[in-house]
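Produce the entire structure from the sequences given, and follow the hints as far as they go.
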Amino acid sequence: MSQAQLAQRIQALEESSTLGMTKKARELAAQGHKVISLSVGEPDFKTPAHICEAAKKAIDDGFHGYSPVAGYPDLRMAIANKLKRDNNLEWGSENIVVSTGAKHSLANAIAALINPGDEVIIFSPYWVSYSEMVKLAEGTSVIVQGAFDNNFKVTPEQFEAAITPKTKMVMFASPNNPTGSVYTESELRDIANVVARHENIFVLADEIYEYINFTQGGHFSIGSIPEIKERVITVNGVAKGHAMTGWRIGFIAAAKWIADGIEKLQGQVTSGTNSIAQKAAVAAFNGSLDHAYEMKAAYDRRRKLVVEKLREIPGFKVNMPDGAFYAFPDISYYFGKTDGTTLIKDSDDFCSWLLADAFVATVAGSGFGAPDCMRISTAAADEQLVEACDRIKAAVAKLK
1 MSQAQLAQRI
11 QALEESSTLG
21 MTKKARELAA
31 QGHKVISLSV
41 GEPDFKTPAH
51 ICEAAKKAID
61 DGFHGYSPVA
71 GYPDLRMAIA
81 NKLKRDNNLE
91 WGSENIVVST
101 GAKHSLANAI
111 AALINPGDEV
121 IIFSPYWVSY
131 SEMVKLAEGT
141 SVIVQGAFDN
151 NFKVTPEQFE
161 AAITPKTKMV
171 MFASPNNPTG
181 SVYTESELRD
191 IANVVARHEN
201 IFVLADEIYE
211 YINFTQGGHF
221 SIGSIPEIKE
231 RVITVNGVAK
241 GHAMTGWRIG
251 FIAAAKWIAD
261 GIEKLQGQVT
271 SGTNSIAQKA
281 AVAAFNGSLD
291 HAYEMKAAYD
301 RRRKLVVEKL
311 REIPGFKVNM
321 PDGAFYAFPD
331 ISYYFGKTDG
341 TTLIKDSDDF
351 CSWLLADAFV
361 ATVAGSGFGA
371 PDCMRISTAA
381 ADEQLVEACD
391 RIKAAVAKLK
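Per full-length UniProt numbering, the sequence shown starts with residue 1, numbered consecutively.
Rather than coming from a laboratory, the hints here were simulated on the basis of the structure. Hints are all accurate, no fakes.
DSSO-like, lysine-lysine: derived pairs with alpha carbons at most 30 Å apart: (1) K309 - K24; (2) K168 - K153; (3) K24 - K400.
If you anchor each label on the Cβ, the simulated ranges turn out as follows: (4) D74 - K345: 50 to 60 Å; (5) G287 - E160: 38 to 48 Å; (6) R189 - D300: 17 to 27 Å.
All values derive from a computational prediction rather than experimental measurement. Glycine included, every Cβ here is placed at the ideal spot set by N, Cα and C.
This is the structure in structure tokens:
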């Protein structure tokens, strides 16, 4: 027996480049190397104490059984209240489905709406799993590339030019992973105008980095635009803004018929998500956001520190990210260069070489639809970020 026995849909899937690089970094660290891992998109903060206390109380109060498929009623109501408070989104608890992380929520939405042959427009650069989720649903990804000079953002003209009779959905993240780009309210309204002209297109809006937004205008939810509200599926969760990556709580907010379809799907695959984590999430959504603002201030400081350091490296082109916790430099200057042993042909080669030579783990841009770039997570201590940038600068000096 071999992997050839696996279903074609699994054989066709690419390994997550972020998880793959993180695995390599851990293997090198286990061998005794001092690896600085900037590959994983995970806050380096602990979950706030009041959220942890809510989880402990849930254990003591006996929430040990199966939870409702769509989530506990108090959590769904807390999410509905959060959406009204923070996003100007008027959805009831019946419009909410809680899942095992925002990744699960995205996959559910795609599986519930996409038929074989349907086209999904993905604004690029994009999170590595988007296109693979579409592939699993037997849809076709249509990648629309945002230009470096436009801070990697897709224009409404580009978006509309990509629409065909087969287009069923457009999906994007703002703030964006991997670029940190943030679509302004004006830009999102222009995109919404395109959607409004094409009545069969749905919007899958990934807002998981909502609280890590450094723009003066702040976060704007495209689902709050009345003309397209019924066709927008908003996805969010607790991982980034509340430092709860391991708790695995995400959600969708959408028209009831979409939410019902997703609940039906989830009922046959995972059922309700972890009961204790749900009760912790209630505390996250109902409680103070002071911790989110404190983390945002740290990420703001770190993005400025890292961009300043990266701009000192010859050949690197670096935008200042407006959100999330990543830098996304263009490293194509080094393609075709060698240290005398290894030839750097592309971003995959560059990141693999960098890990082997400088013990700094990053992620190649190829997995994000941007093969000239690499992603660097700034969710690490300041001193680690400085040392990592210094190692990168010393390493690339060897490439001729």
